[in-house]
Structures are given as structure tokens and as C-alpha cells.
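S.K.: Sequence order for the protein chains is A and B. Under our numbering, the first residue of the first sequence carries the number 3, and numbering increases by one thereafter. Under our numbering, the first residue of the second sequence carries the number 81, and numbering increases by one thereafter.
By construction, these hints were calculated from the structure, which means they are not laboratory data. Careful, some of the hints might be misleading.
Unchecked claim - Derived lysine-lysine pairs resembling DSS-like cross-links, with alpha carbons at most 30 Å apart:
1) A:K213 with A:K286
2) A:K163 with A:K213
3) A:K213 with A:K78
4) A:K165 with A:K76
5) A:K76 with A:K286
6) A:K76 with A:K266
7) A:K286 with A:K78
8) A:K266 with A:K213
9) A:K286 with B:K197
10) B:K197 with A:K213
11) A:K78 with B:K307
12) A:K76 with B:K369
13) B:K197 with A:K266
14) A:K286 with A:K165
Listed below, chain by chain, are the residues.
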Amino acid sequence: MQIYLPIAEVSVNAFTLMGLGGLVGVMSGLFGVGGGFLITPLLFFIGIPPTIAVATGANQVVASSVSGVLAHMKRKTVDFRMGGVLLAGGLIGSGLGVLVFNILQRLGQVELVVQLCYVVFLGLIGGMMLQESLRALRRSRQATGRRRLHQHNWVHRLPFKIKFRTSGLYISVIPPLLVGVAVGVLAAIMGVGGGFIMVPAMIYLLGMPTKVVVGTSLFQITFVTAFTTLMHAVSYNTVDVMLALLLIIGGVIGAQIGTTLGAKLRAEQLRILLALLVLAVCAKLALDLFLTPEDVYSIVTRAR
Amino acid sequence: MTRHPWIAALFVTLLLPTAVAAQSRGSLVPPDETTVDYPLFPNPGRPRSAIPENQSSPAEQVVAGLSDNSVAITTSFDGSEILIYGAVRREVPIPDGELDVIVTIEAPSQPMTIWRKQRRFGIWVNTERVEVGAAPSYYAVASTGPLDQILLPGWDSRYRISLPQALRAFEGAPDVADAPAFTQAMVRLRQADGHFRLDEGGIELAEDTLFRADIRLPANLLEGDYKTRIFLLRDGQVIDVHRAAIEVRKVGLERWLYNLAFDQPLIYGLMSLAVAVFAGWGASAAFRKLRRA
Numbered sequence: 003m004q005i006y007l008p009i010a011e012v013s014v015n016a017f018t019l020m021g022l023g024g025l026v027g028v029m030s031g032l033f034g035v036g037g038g039f040l041i042t043p044l045l046f047f048i049g050i051p052p053t054i055a056v057a058t059g060a061n062q063v064v065a066s067s068v069s070g071v072l073a074h075m076k077r078k079t080v081d082f083r084m085g086g087v088l089l090a091g092g093l094i095g096s097g098l099g100v101l102v103f104n105i106l107q108r109l110g111q112v113e114l115v116v117q118l119c120y121v122v123f124l125g126l127i128g129g130m131m132l133q134e135s136l137r138a139l140r141r142s143r144q145a146t147g148r149r150r151l152h153q154h155n156w157v158h159r160l161p162f163k164i165k166f167r168t169s170g171l172y173i174s175v176i177p178p179l180l181v182g183v184a185v186g187v188l189a190a191i192m193g194v195g196g197g198f199i200m201v202p203a204m205i206y207l208l209g210m211p212t213k214v215v216v217g218t219s220l221f222q223i224t225f226v227t228a229f230t231t232l233m234h235a236v237s238y239n240t241v242d243v244m245l246a247l248l249l250i251i252g253g254v255i256g257a258q259i260g261t262t263l264g265a266k267l268r269a270e271q272l273r274i275l276l277a278l279l280v281l282a283v284c285a286k287l288a289l290d291l292f293l294t295p296e297d298v299y300s301i302v303t304r305a306r
Numbered sequence: 081m082t083r084h085p086w087i088a089a090l091f092v093t094l095l096l097p098t099a100v101a102a103q104s105r106g107s108l109v110p111p112d113e114t115t116v117d118y119p120l121f122p123n124p125g126r127p128r129s130a131i132p133e134n135q136s137s138p139a140e141q142v143v144a145g146l147s148d149n150s151v152a153i154t155t156s157f158d159g160s161e162i163l164i165y166g167a168v169r170r171e172v173p174i175p176d177g178e179l180d181v182i183v184t185i186e187a188p189s190q191p192m193t194i195w196r197k198q199r200r201f202g203i204w205v206n207t208e209r210v211e212v213g214a215a216p217s218y219y220a221v222a223s224t225g226p227l228d229q230i231l232l233p234g235w236d237s238r239y240r241i242s243l244p245q246a247l248r249a250f251e252g253a254p255d256v257a258d259a260p261a262f263t264q265a266m267v268r269l270r271q272a273d274g275h276f277r278l279d280e281g282g283i284e285l286a287e288d289t290l291f292r293a294d295i296r297l298p299a300n301l302l303e304g305d306y307k308t309r310i311f312l313l314r315d316g317q318v319i320d321v322h323r324a325a326i327e328v329r330k331v332g333l334e335r336w337l338y339n340l341a342f343d344q345p346l347i348y349g350l351m352s353l354a355v356a357v358f359a360g361w362g363a364s365a366a367f368r369k370l371r372r373a
């Protein structure tokens, strides 16, 4: 069934889109990631213009993170104060990111920068995840030693300290604010929630306890992607609600399947699978950049 | 050559029409290029000059009809087939010479940029560009035979019939050495994705009088008035033109969403968010109920 997308002005198969959304939904249910970092490159692959893929990807992330954050709020695993600080940074970053995106679009380099960002980040995250899960797999066979709650590092010597009760932290607001800004910029440029960067940053840089990390990052992601979607819609009219709806429908169904599946599989094996998947997407994007393209020419239409 | 590629480009540009003219048959002299006020590379800031009307009453006239005067882009729009049919009306016996028909459909123009990639630090980067002030987003040509055999170049440039002619509208002076390579690439890319179609021999002309052409409009259409022209040619010269318009419009939901997105972007953005929030909340609530049941 072909569907004509009103804003992208292309006709695509509705089931392909729902399938894409579903696939990413299964991933997010299985691994607990938003899936934005997969959906945007997949949209590139099926021929959605990059600007629309990024803006609509952000809209799709809103849907998946809303359902996630609701579940975490029930379990009281959201640090609202930390979320608020991250969010303040995120909004600044998102505004900056949309601005940068517009400049890149004018220079004709938006595709390149978005792809480069994806290659770098997916490569880093995929590599780290693979290494980490391989180590975990090895460790699970050996006895585990006791670990310290968190290390004291340079982060704890900065001024403007605040108590984050839910996280049990007393640290400066500067690092979480900066993390928020970085994630906001990425959200706007790459159309992702940024959870895959924020979660490691919260654990290793801020020293937050793991149980509140996912809920808090989802809380921040919901608002930052919502803001990004609005910015893209108002400034550049690049959000395609029809495209978003199809992705969301597939996504929510896929997420539930993923959650059910996830309960039956082993966590370490799952993480290796996700790492390999991330690396595969990264490799495909990298090849596009490094190999001689089929055609060195390309056409970019501008608004009338 | 390599030091002055623009000289080579200029050379090619100047020589090419002459070469084509030499190849085509017939001894008819095409209208003098210098007196025709349709430059090959017009400034897009200036509107295209009006195409002159035909002679008041040519011996042969074309009458034609379209299967559709309008195309509605609905949610399930998947391209459309347009049938153009017509006949040659004449008061006199059939004159000598070869009779041909060319049909063109031209979508509204849009500005575009053609980029060329080059390898920089190992990766492929868009480095050079040519701005095209106005190029039709869709252009189809169907004819009774190969264009270079049935159409004289002078008449082609006057009416802008063939693909390269229809496209020639650069924005300012192109700042790359080999602008023709860019336009060629554009024609190639657009032909590959179905936005430019050339169907030589796609029109059947029966008894030198009746003809029909089927032209397929792709699914990825832009809105606007699609200009349809039907040319009647004798011995490579255009003797009559019939013009009609096909109105392509988004309708229903497509129309509403598009207008909302561009006229009320804030409301549209908030609506997109509402859809996402509601879907996210609704899905988790629904599945929780399902699991409990």
C-alpha cells in the first residue's frame, strides 16, 4: 500500500515504514534504547530527504520515550531535579543544534555531517558495547569482586553544588548542564534522543546510581526531542506527521513484542547482538562515505 | 585543455548545436539564433519571454483532448496515467513532407542545486555546485520518432522542447569550469528517478491524422499546473501548437496537513507532538490492560 507523504512529497510503502518502525520498536523493547539512532539512518536508506528524516525521527522518539518515562515514573526511578538540570542544558543545546543544522543545510553539507556524526558515534558506542558485553560474559563465569559506589574525580571539585536526593549525589550543576547541552545538539542534528550518550555520561561522569539513570535520561529525552520537533516544524517545516504516525504505530507494537522477547533471552547475548547491529549500521554509513559513490553528482531541490 | 577547461566547455557549447544541425535532415533554414530573443542561458531573475503565437491560420491544425484535466494527490496516490489524444484538422488535401507530433508535459519549476562530490581526506564531500534557478520538477516528452530526426534545432530552442532546452536556466554565471557536465548529470539523474522522461516513438500517428500518447506521471509529484503542449511538425518545423493544463492538487488530508504545516507551523508542531505523546501513552496503557486480561 503506497502512502503519499504530504511534507516529504514522496510516495512510500506504508508497510515498509511500519515494518521499519516495528523493527526499531523491537530493538527498543529488547535493549531499552529509544531507537532514534537507528530510525534516522534507515529513513535515509529508503530515500526520505535527510532534513525530513531528522525532524521526523525526533518526533518518533517523543512517542517511544513517553511510554518509557511513564513506566519509570510508576517505579519512582526518575530524578526530577537532575532531569531538570539536564533538560535546561538540553534546550540550549537543541536550539544551537537546529541553528547549526540550518547553516549546514545552506552549505550543502548537512548529509555529510549527519552521516559523519553517525559513523563516529555508532562506531564508538557499538565498539564500547561489544567490549563491555564480552567482558561481562567472561566475568559472569568468574567470581565477582566488590566495587566502590563511585569514584571521586574532578567533577566533584567544581562550584555551584546542588543536592540531587533521588540520585544520592551532591555535585556541581555544571557537568550535568554540559552533558545536557551536548545531547541537545546531537538531538537536533542527528534526530536522536541521545540516550546512548547520556546514559554512559551519567554513570561514569556524574556517578549516578544505575537504577535512576534510564528513567532520568528518558525524562530529559522526552522534553528535548519534543522541543526539537517543534523547532524543526516551526523553523523549517520538515516534520512529516504522516511519516511519524506510521513509524510510531509500528514502533509501539514492536516495542511490546521486544519487551516480551527480552524476558526470554539472556542479557549478555542481547547486548552483543545490539552491539553488532549498531556496528553494522555504522559500517554501511561509513562505506557510503569512503567508497567511490555510484554518482558523484546529486540534486538538492530548494523550497519554492 | 586542462589549464583552461572553460575554453573547452565554451568550445563544446558553441560547436554542439552546429554539429547537430549538420546531422539532421532537411534543408530548411532554422530561425536565426541571433534574432530570436530566447537566449539559451536566460537570467532566471527575468521571467521567460512569452512564446510567440502560431501563424493566424496554419494549413494544418492540431486538436487534442486529455483524459484528465486534473490529478488529485490523495493519501494513497501512486502516480497517474494521462492519455492525450487528438487529430490533425486540415482544410486542404494532405501536403507533402513528413508529419510528426511531439507532446510535452512540464511540471512547475523549482530552484535546485546540483552538487558534485570530490574525495577530501579520504571521504567524499560535496565540493562544487551549480545553482539552477528554475528547472521543472517533472518533464516528459513523447514523440512519433527520434527528436534529432523530427525536430530542427532552431525550432527546438525556440519552443524549448527537448530536455536540455527545457532545463537551461542557470542562476547567474555558474562558477564551475564545466557547467554542461552538471546539467548532463542532472538530466541523467532525473531520468533515472523517472522525473524526466523521453519516449521517442511513443506516439502513434494513424493515417497522418489521428494520434494518441500515454504519459505516466510518477508518484512523487509536486503540486501545481502542469503545462501540456502538443506540437504538430512538418519536415522538422513546428506548424501548430496546442496548449492545455493539467491541475495537480493535493486533496483531503494531504491538503489539510500541508497547509497546516506551512501556514500554522506552531499548531502543526504541537499536533505532531500530541500524536506522539498520545500514541506513546495509549500503547503502554493498552498493552498493560491486555497483559492483565
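S.K.: Could you grab the alpha-carbon distance between K163 of chain A and K213 of chain A and see if it respects the 30 Å cut-off?
M.R.: Within the cut-off at roughly 22 Å; holds.
S.K.: Verify the proposed pairing of K197 of chain B with K213 of chain A, using a straight-line Cα cut of 30 Å.
M.R.: 47 Å, violated
S.K.: Does K266 of chain A sit within 30 Å of K197 of chain B, going by the straight-line distance between their CA atoms?
M.R.: 48 Å, violated
S.K.: Hey, K213 of chain A versus K78 of chain A, does the alpha-carbon distance stay inside 30 Å?
M.R.: 10 Å, holds
S.K.: Check whether the Cα positions of K76 of chain A and K369 of chain B lie no farther apart than 30 Å.
M.R.: Status holds; Cα separation ~16 Å.
S.K.: Going straight from one Cα to the other, do K76 of chain A and K266 of chain A come out at no more than 30 Å?
M.R.: At roughly 24 Å apart (the allowed maximum being 30 Å), K266 of chain A and K76 of chain A satisfy the hint.
S.K.: Is the straight-line distance between the alpha-carbon of K213 of chain A and that of K286 of chain A 30 Å or less?
M.R.: The hint is violated at about 34 Å.
S.K.: Would the pair K286 of chain A and K78 of chain A pass a check requiring their Cα atoms to be no farther apart than 30 Å?
M.R.: The given pair, whose Cα atoms are some 40 Å apart, is violated under the 30 Å limit.
S.K.: Is it true that the CA of K266 of chain A sits at most 30 Å from the CA of K213 of chain A?
M.R.: With Cα atoms ~21 Å apart, K266 of chain A and K213 of chain A stay inside 30 Å; holds.
S.K.: Does K165 of chain A lie within 30 Å of K286 of chain A when you go C-alpha to C-alpha?
M.R.: With a Cα-Cα distance of about 44 Å, the restraint between K286 of chain A and K165 of chain A is violated, given a limit of 30 Å.
S.K.: Assess, step by step, whether the Cα of K78 of chain A is no farther than 30 Å from the Cα of K307 of chain B, and give holds or violated.
M.R.: This hinted pair is violated, its Cα atoms lying about 63 Å apart.
S.K.: Below or equal to 30 Å on CA atoms is what counts here, so check K286 of chain A against K197 of chain B.
M.R.: 19 Å, holds
The structure shown violates the earlier hints numbered 1, 5, 7, 10, 11, 13 and 14.
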